[in-house]
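K.L.:
Those protein sequences? They're chains Y and R, same order as listed. Residues in the first sequence are numbered consecutively from 1, following the numbering used here. Residues in the second sequence are numbered consecutively from 1, following the numbering used here.
Worth flagging that the hints you see were computed from the coordinates, not collected in a lab. Certain hints may be false.
Since the list can't tell identical chains apart, any single copy or any two copies may satisfy a pair.
Claimed, not checked - No farther apart than 25 Å at their CA atoms in a straight line, the calculated lysine to any residue pairs in the SDA-like style are these:
id : residue 1 : residue 2
1  : K63       : T455
2  : K242      : Q127
3  : K406      : S339
4  : K45       : S145
2 protein chains.
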Amino acid sequence: MTHTAPTALPDLLIALRAALGDAHVLTEGDLSSYEQDWRKRVRGKALAVVRPGNTQEVAAVVKACAKAGVSVVPQGGNTGLVVGSIPDTSGTQVLLSLQRMNAVRAIDADNLTLTVEAGCVLQNVQQAAEQAGFLFPLSLGSEGSCTIGGNLATNAGGTQVVRYGNTRELCLGLEVVTAQGDIMHTLSGLRKDNTGYDLRNLMIGSEGTLGIITAATMKLYPLPAVSLTAWAAVPSVEHAVKLLGLAHQHLGAGLTGFEMMGQFALSLVDKHYPQLRVPLWQDTPYCVLLENSDTESEEHARSRFEYLLELAFEDGCVTDAVVAESLSQARNLWHIRESITLAQAEEGLNIKHDISLPVSAIPSFVANTDALLKREIEGVRIVNFGHLGDGNLHYNVQSPQGSDNKLFLQTQEDRVNTLVYNAVKALGGSISAEHGVGSLKVDTLPDYKDPVALTLMRQVKLALDPQGLLNPGRVVR
Amino acid sequence: MTHTAPTALPDLLIALRAALGDAHVLTEGDLSSYEQDWRKRVRGKALAVVRPGNTQEVAAVVKACAKAGVSVVPQGGNTGLVVGSIPDTSGTQVLLSLQRMNAVRAIDADNLTLTVEAGCVLQNVQQAAEQAGFLFPLSLGSEGSCTIGGNLATNAGGTQVVRYGNTRELCLGLEVVTAQGDIMHTLSGLRKDNTGYDLRNLMIGSEGTLGIITAATMKLYPLPAVSLTAWAAVPSVEHAVKLLGLAHQHLGAGLTGFEMMGQFALSLVDKHYPQLRVPLWQDTPYCVLLENSDTESEEHARSRFEYLLELAFEDGCVTDAVVAESLSQARNLWHIRESITLAQAEEGLNIKHDISLPVSAIPSFVANTDALLKREIEGVRIVNFGHLGDGNLHYNVQSPQGSDNKLFLQTQEDRVNTLVYNAVKALGGSISAEHGVGSLKVDTLPDYKDPVALTLMRQVKLALDPQGLLNPGRVVR
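Next up, chain Y with everything else stripped away, as it sits in the complex (with noise of 0.2 Å):
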């Protein structure tokens, strides 16, 4: 999809050195934290790499490419997980960094509206957001290293999407410097607006394929009193789904998180951080991990949580659970949760899958795919957990006891995404719900989206992006 001729590419290095200055336009030295993808898969390699320190500047950088038919991917902390933010290998795409523009723009105390820049690292906003005595809700992993701005071009998910929703539902409004190097100042803090196309929806979730977002204004909640976890042992992930419904119920728009982990991903905790001490794991399938949030008080976060577990004992969802007594016990819990993904590493070398279905059917899914796969591969073990008040699964593979990692990984990745790919779509479900597509899934979507929204998708990319130069080869070829 790129169309250079060679001979415009020192022109091209010139004019980006003119329009952000030397220091910003990067050619040489260790470029591995840009060039290299978050899970070390894949390292691709730049024709530069540019970091522009404002939105004229990333308007120019995007002008002057579009001038000489370079492509250009868009990048913020390069925490992605499905190869969407490195440039290929060919040496010849310009990489540009959002990570200089991270300033705070703005928080509208009475709106409940931030305004910031791209390149703002998710965790500075929720600290700003908290210094002015609001909630930022938008909590993941990479909190510490990922960008706002590559939160909204992934749509991120995370732990808190039950009560607040996705990114895209943080948003009201994003500037935006579109493929022709234009920008588009909608950088809105209203909650109702109808004047015309859902841009703003349109450039989310896009990857950078559309425009390059380089400002939003998102909404801000008020700091509950308190947030209380529980962790609770279910016998079955029908019990588990049967408590999410009584959870809502009974705390409302209370209910924070809700997060499933079956046996053996708890196990794997269990087995390479043993000073985490998992609770009720050995007795029990699945574990949940619930928060209540409350804007009232702990006393009363704690009877409606207490209500609620009783009710789940008498219904048989809950056979033993646990509220945590103190936010360093909260933490804690949390933490045992977001140690799957390293204790599974720590295991080997998996096969992972970001899957999402409705959640009434998560229990025959889970049934039938676990007794699938071990049917298929002698001795696979499955490290099932995930956001189960979203329907959404992280549901791995992992090789048999002893068996060779590697070749594993080799002889039976395709296998293995295949048949849960199929189940997924059986069911109505989805093969990327909140990592997004990048190049690990490009070419592996087709088989699975109605083909008209793919048609669709491929008119909307030529229409605003008609040369192809806004990171190519990404959620759609």
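Since the structure of chain Y is provided, determine the placement of chain R on it from the hints.
P.N.:
Frame of chain Y; chain R shown alone:
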């Protein structure tokens, strides 16, 4: 934009009758309910009114029209306020009514979703949800006749947006017939799905210009245990905004309604519907209606409401307040709020606005625009009310007492619109918060919309509907 050869029309009618049956292709008799807009400002003339009974028939109509080069105007309950769902006066457009497609296809209790056809009346959607034990929270004045497809096509707002969002935020998946007559099967019930561009939100709010929504999967919520309504006198708009902040902080997601009403608006209700007994309005410039929904109990809800109102008294935000003691009292308070539009119509023609602003900008907007209009037009009367919780005001302008209404509208409407919209634009607001663009505002929009956004809108329209046959002349030209 239509390219109809006159000889093609009889062939088209034959094709439509073959596809739908004679009974569902109407060309004679009284078609005014399809051709006349809701506010009775404009009357169009259709080539035919077609009433497909299923998605395949919608697709067949669109294919036949595309072949004949005839444009299609989709219509739900025809309750829109911006002339977006009636044919033009040419007699060459096909009016496609979705009213026969009114089935609730499925309710999934564990997934908290409902799948419904586009022509289902909103009230029937609400009732189907309630019968299954759930809340479908979209609620607006015309809910007895508007359809969910129309709500989606216009991204309708209403009275519970402060808690549950607009129609957009309530939708998880769509079935859509494209401009080419293809069916996009994306009726997903997924809360997380990052497999490509957000075509769902692109279709929502596009007013039938990018595709025809035939069915949708919508979110359900647990029914609250109780909803209480309070009515408070506030000394100023600033105090209303402050009360809103307190309500967010102390009720959290319990705050399901926050409406502000100016004294003149309430005086019209008192004058034309004295039996409604408007409370507190005589001694205060503004009243606020608050709704608190609670998952716990009436006792709990009442104590939280009283706590909030005590704080508000202490802060000086509220000078007097009543909490409805019964459901009928609560309904009466809402009925007063909803009677403002009718009371205003009784008083005479007026100039209507449906604007939104950052909540923080509303006090200065009201102060400055009130003063400006009163300076420019002696004796002008301002009917200011709306969904303050969403920053959405129906800031309407009534002729001076005793003046000629019609003459006022004829001579002042453009001028008043310009004054109001310029003030809105200067504060980062929108000239259409919840009603949409239609044909009413299609030529005004370019003066107030970001030009790059407008360009992108045109590119998207051209990409998805290159023949320009879907609801031409609406949203964007």
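K.L.:
Next step is simple, just say for each hint if it's right about the structure.
P.N.:
Tested hints:
1. In the homo-oligomer, the alpha carbons of K63 and T455 lie at most 25 Å apart only across protomers (17 Å), although the nearest pairing inside one protomer, at 28 Å, exceeds that limit.
2. Taking identical chains as interchangeable, the C-alpha atoms of K242 and Q127 lie at most 25 Å apart only when they sit on different chains, with a minimum of 24 Å there against 35 Å within one chain.
3. Only within a single protomer do K406 and S339 lie at most 25 Å apart by alpha-carbon distance; the minimum there is 22 Å, versus 70 Å between protomers.
4. Within a single copy, K45 and S145 get their C-alpha atoms as close as 22 Å, which meets the 25 Å cut-off; across copies the closest is 59 Å, which misses it.
The structure fails none of the hints (numbered hints given earlier).
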